[in-house]
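Dock chain one against chain two, each of which comes alone in its own frame, and use the hints as you go.
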Amino acid sequence: MRKIVLTAMLCLIIFFATRAQKPDSLLHPASSIPHPKSHYTLAVGAGWSHYFANMDLVPARNVQKDFIGASFRFMWEPEYRLSLGLETGFYRIFRVDSTLTSEYQMKSRMNVVPLFLVIRMRIVDNFYLSLAPGLAIQYTKITGIGPDISSYQFSFSNFEAAASYFYPLSKLFLVGGEARLMYFGKTNDLMMSLNAVFAIKL
Amino acid sequence: MGFMSRYLFSLLCLGLLMAGCNKPKEVAVPSAGPNSILKETSPLSIVSRNTMDGIYKVTSGNELFGDKVVIKWSRLKMTVMCSDGHYFVLDAGQLDSVIMMQGYWRYCYNDRTGAVSAYIAREEGGRDIMKANPHPQEIIIRGGYGSSGNEINNALEFVYLRPVSQAVLDKHYSILAHRSGGRTSDHLPVSENSIDMINFTEGLGSTGIEIDVQLTSDGVPVLYHDADLNIRLTQKGPLSGPIKDFTYTQLFFLVRLIHGERIPRLKDALMFVIDSTLLTDVYLDMKEKVPTMSAVIPIQQEMLQRAKDKGRQLNIYIGLASQDAIDDFMNQPGYKDIPSLCELSTDDVVRVNSIVWSPRWTEGTQNELVAQMHNQGRIAWTWTLDDADWIRQFISDGQFDGILTNYPFIVGYYHYMREN
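Protein sequences, first through last, are from chains A and L.
Under our numbering, the first residue of the first sequence is numbered 1, with each subsequent residue one higher.
Under our numbering, the first residue of the second sequence is numbered 203, with each subsequent residue one higher.
The following block holds chain L by itself, in its conformation from the complex (with noise of 0.2 angstroms):
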């Protein structure tokens, strides 16, 4: 290697050095923008929203999204879910009986994204949703899609195949979304253990979350997810450190989420989550290792309680995932009395009467052990589960009654397609 060439080689290692460490791209979401459609269009009422949901064929757009599709409209949004990790997030409306539809497709592994408009016309569907016939006689969604920014360039068409299984519906099945909701390293729109992200995961087909608890320095639960603040999870600013070096005020004042929300408190996520959603089940999960339980419990009761007296049907768990988490647990009074869910083995759930027994996926469906679980009156849960051909055996094989995941829609797919 020559003379000049090897400071060549050197300054393209000092330039792969800087590249290496800039911070990642961030995928922008497509937005059909102020000349949207749906500005003209009257909002569904839930029933109607209901005649949409089922599976759907894919006529059109199959290439991408594969044979098959589950429509399932929560809260706010109509998700269209697809085997391998693409999704949809619509909102829609009606005008004239005609459902209006816009929103975004993504792919959950990368950065792959693009626009959807798309519409059932007022004989094949519109009229039948409007009724809010149960049983419709055909349901046509036709559109497009784009495969990058706002531009829509490829057909797409959804033929309605079936209703979701009744027997599903009737089934308590939890789709838990990871860190409330999503993480903030899979590019989405808000931040990972912030109320918008609360309120934005229901569009992704969660039914429950799981949230990362952290106490503050003046003993404030707040959510939170890795030991210090960085640039990972936060916007730069005057602070950085172990979170719980500083007091909620000064967390108030000078952090921000990386997509500028304010790392919320506990007591402020969960009066969300009952006020504001229709999320069932809530776990909470103690990232630290110092007693946390006493700070927590009253929090969890007075949101039980809140959510009983608004007629919600809420479940709030404390997580026990170490033996200290448990020594901590088992010194509060009543502690069997108190909802929660213990990752540690089946022997450890009954010491502490957990109503929930969570392993790691990686342990396999174990349905032996679940089975002695279910006949114990207790439920089972497996975390945290993202790919997509392992979602399908755990639904297909286990018994599991839910499962935490990154990748909501892939676990609603796959429960949704179930005949029973």
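The following block holds chain A by itself, in its conformation from the complex (with noise of 0.2 angstroms):
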């Protein structure tokens, strides 16, 4: 049911993002700067991540919740202000250092590559906002308490929520900045990353 209600939701966005768009070219008839119809962006992105702890088991001081984490995308961005791409990366969620006994002392980590659908908005000139849902492969790897074990499960009900600015260098290259808040429905885990970008137009 959920996903349903997920599906028609971004439905709607889509519906009504894109009835209310106008192309580049009829926002700015006297502008004198040439604007390509449509391109596409690749941009690379590496900062600092943050997890929301929230776990019920694990007392939070024994938790490391900052990471350093990476991201890459692409997206097409037509000539109106609704752009599309895909979105992956790599990020720790969380490390736990527990004594559990004097036998056992337990090291645990998860990391995750989420792989997003990016919808993408340009609000003001080089502001964006986006919403992205998406899946997401979470690895789990525990040590210090009997054999050491790697796992991993995949998560089908992700979203992203991101806030850019990118200040063009040139015709061909970007820099900015990415806020972004990622939610993984398996696991119910919620962070935050502030990453450094750098895109270039293909």
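Hints in this document: simulated from the structure, not taken from any laboratory.
These figures come from a predicted structure and were not determined experimentally.
Careful: at least some of the hints might be erroneous.
[Unchecked claim] Computed spacing ranges between beta-carbons, pair by pair: (1) A/52 - L/428: 19 to 29 angstroms; (2) L/550 - A/46: 57 to 67 angstroms; (3) A/84 - L/564: 56 to 66 angstroms; (4) L/564 - A/86: 40 to 50 angstroms; (5) A/52 - L/357: 47 to 57 angstroms; (6) A/141 - L/496: 43 to 53 angstroms; (7) L/353 - A/156: 35 to 45 angstroms; (8) A/86 - L/444: 20 to 30 angstroms; (9) A/150 - L/550: 51 to 61 angstroms; (10) L/353 - A/88: 45 to 55 angstroms; (11) L/524 - A/113: 45 to 55 angstroms; (12) L/503 - A/150: 34 to 44 angstroms; (13) A/90 - L/428: 21 to 31 angstroms; (14) A/52 - L/444: 56 to 66 angstroms.
[Stated by the list, open to error] No farther apart than 25 angstroms at their CA atoms in a straight line, the calculated lysine-lysine pairs in the DSS-like style are these: (15) L/446 - A/107; (16) L/279 - L/241; (17) L/438 - A/107.
The beta-carbon is built from N, C-alpha and C at its ideal position, and this holds for glycine as well.
So, in structure tokens, the structure goes:
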């Protein structure tokens, strides 16, 4: 049921957003700046990520929440406000160090590789907001309690909300920053990241 | 749609998305708390409890609980079973031949619940119950129930009509509760597939349980339903992923079920069934596709012997729900003598010599096939039947020897209401 509601809401967002769009050529008829009809953009980002720990079983002091993460995004940007793309990345969600008994000093960590379908809207020049549903693979590694175990699972109900600013260095290159909030439904994990981003127009 | 409206709409959608991802709320169990009158009472004997069992007319409270209810004591609790999915779980004791009862009622299809407090006066059945009179002249249960929290603000009155028919009591009819006694998704106060649930389920009217069995990475059979550790069934912790990837020690230290219990080993769960309950049937539902029989059958055999040594009448059946499971089962020495339950065709039942044939309920009552099984000395259960109307129909028109359900109190109501 939740999947149906989510899908319906995304369709509504796309429908209303695209209905209201006008090509830049109509918005700026007298502009001397040539606007290509559409282009593709590849963006690479890296920065700080923070996990909003919500563990019932582990004291918060045992949970390390701040890490370095990376993101990769490919966008199709038509001459409308709305653009679409795919985003992936690599983030460590948490690391837990916990002494369970004198025999067991457990370390556990979870990494995630998401794949989001990004729906992005230009709000004003160079500033964007985006929503992205998607999939994720979550990797868990545990050591210090019996044999070392590496495990993975798929998470199908995830989303990301992001705000981005891009400053054009030239016709081809842009730099900027992004703040994003990511939710992974399988494990009920919420995290944010602040990334520096470098983008190239293809 | 204006510019601002579009953004407000987007924000609303985002808010709905986030709200939709929240965990469902828990249903608090109403409790009389530390001031319960039951602290002043002494426990009822088993024969006194049996005297209370029977069919009662609802003279106050029938707008919610229907015209008739069944009252049936289990090992620890008094269960009031209604026709439509309402049920009561009550504790009781006596004080000067007055029977005091406290507990709560629930409706199984949603989260409605409320406190219950009632009594049987000395002259209105209390004395008969204390004397364990098998044919009480009169029992009137008076009291009240609440609609939320611990308040009690509605009148409740049950009047004894008749005992449960002896023919019904003599019949070995299995009321099997799903997932060791009840589902976590039904907002019960204990977690599914836990030892606490096995302890709890008799209070819902169960006489047997189905439990889900999986193997850990070091080959320990444990009770767990889903393929992976997830927030639906477990508290948030440092482990997630397929349960078969982790050792039992890791699960023991790092995983708690949703109400805080540990994932139990199959052996511990069966020992609890034998030592601490009156349950008569256990159906082991093998969740794994990988061969598990060689790890589970020795435990089944050991526990059957333990039950026999203790004089407990307990059946433990290996579940065969797929052709892979049958192939794995037939690779075990002496498999035809191992008590099993087959969910496939009656031909498969004969091939592996299963004691129980258990088709899904959507295939209908299948009275001819059930009769065929009976003629071969086998029994038949159907699964997993939760709708009150269908339960009524299967009990009135069918020949099954038991029903696997998430709502044993509904099966109990229609079973115990029968005349024969």
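- Holds or violated: residue 446 of chain L to residue 107 of chain A, with C-alpha atoms at most 25 angstroms apart: 19 angstroms, holds
- Task: Confirm or reject the claim that residue 353 of chain L and residue 156 of chain A have a C-beta distance inside 35 to 45 angstroms.
- Result: Since residue 353 of chain L and residue 156 of chain A have Cβ atoms about 42 angstroms apart, the given range 35 to 45 angstroms holds.
- Cβ-Cβ distance between residue 84 of chain A and residue 564 of chain L: within 56 to 66 angstroms? With Cβ atoms ~43 angstroms apart, the hint is violated.
- Item | C-beta pair residue 52 of chain A, residue 444 of chain L: status relative to the range 56 to 66 angstroms that was hinted | 25 angstroms, violated
- residue 357 of chain L and residue 52 of chain A - C-beta distance against the hinted 47 to 57 angstroms: 49 angstroms, holds
- Query: Could one say that the CB atoms of residue 353 of chain L and residue 88 of chain A fall in the range 45 to 55 angstroms?
  - Reply: 54 angstroms, holds
- Lying within 45 to 55 angstroms: is that true of the beta-carbon distance residue 524 of chain L to residue 113 of chain A? 33 angstroms, violated
- If you check the beta carbons of residue 550 of chain L and residue 46 of chain A, does the distance land in 57 to 67 angstroms? Holds, at about 58 angstroms.
- Query: Is it true that the C-beta distance of residue 564 of chain L to residue 86 of chain A lies inside 40 to 50 angstroms, as the hint says?
  - Reply: 42 angstroms, holds
- Task: Return holds or violated for the Cβ distance of residue 150 of chain A and residue 550 of chain L against the range 51 to 61 angstroms.
- Result: 39 angstroms, violated
- Taking the CB of residue 141 of chain A and the CB of residue 496 of chain L, does the distance hold inside 43 to 53 angstroms? For residue 496 of chain L against residue 141 of chain A, whose Cβ atoms are near 30 angstroms apart, the range 43 to 53 angstroms is violated.
- Hint says 19 to 29 angstroms; check whether the CB-CB distance for residue 52 of chain A and residue 428 of chain L agrees. 25 angstroms, holds
This entry does not satisfy hints 3, 6, 9, 11 and 14, going by the numbered hints stated previously.
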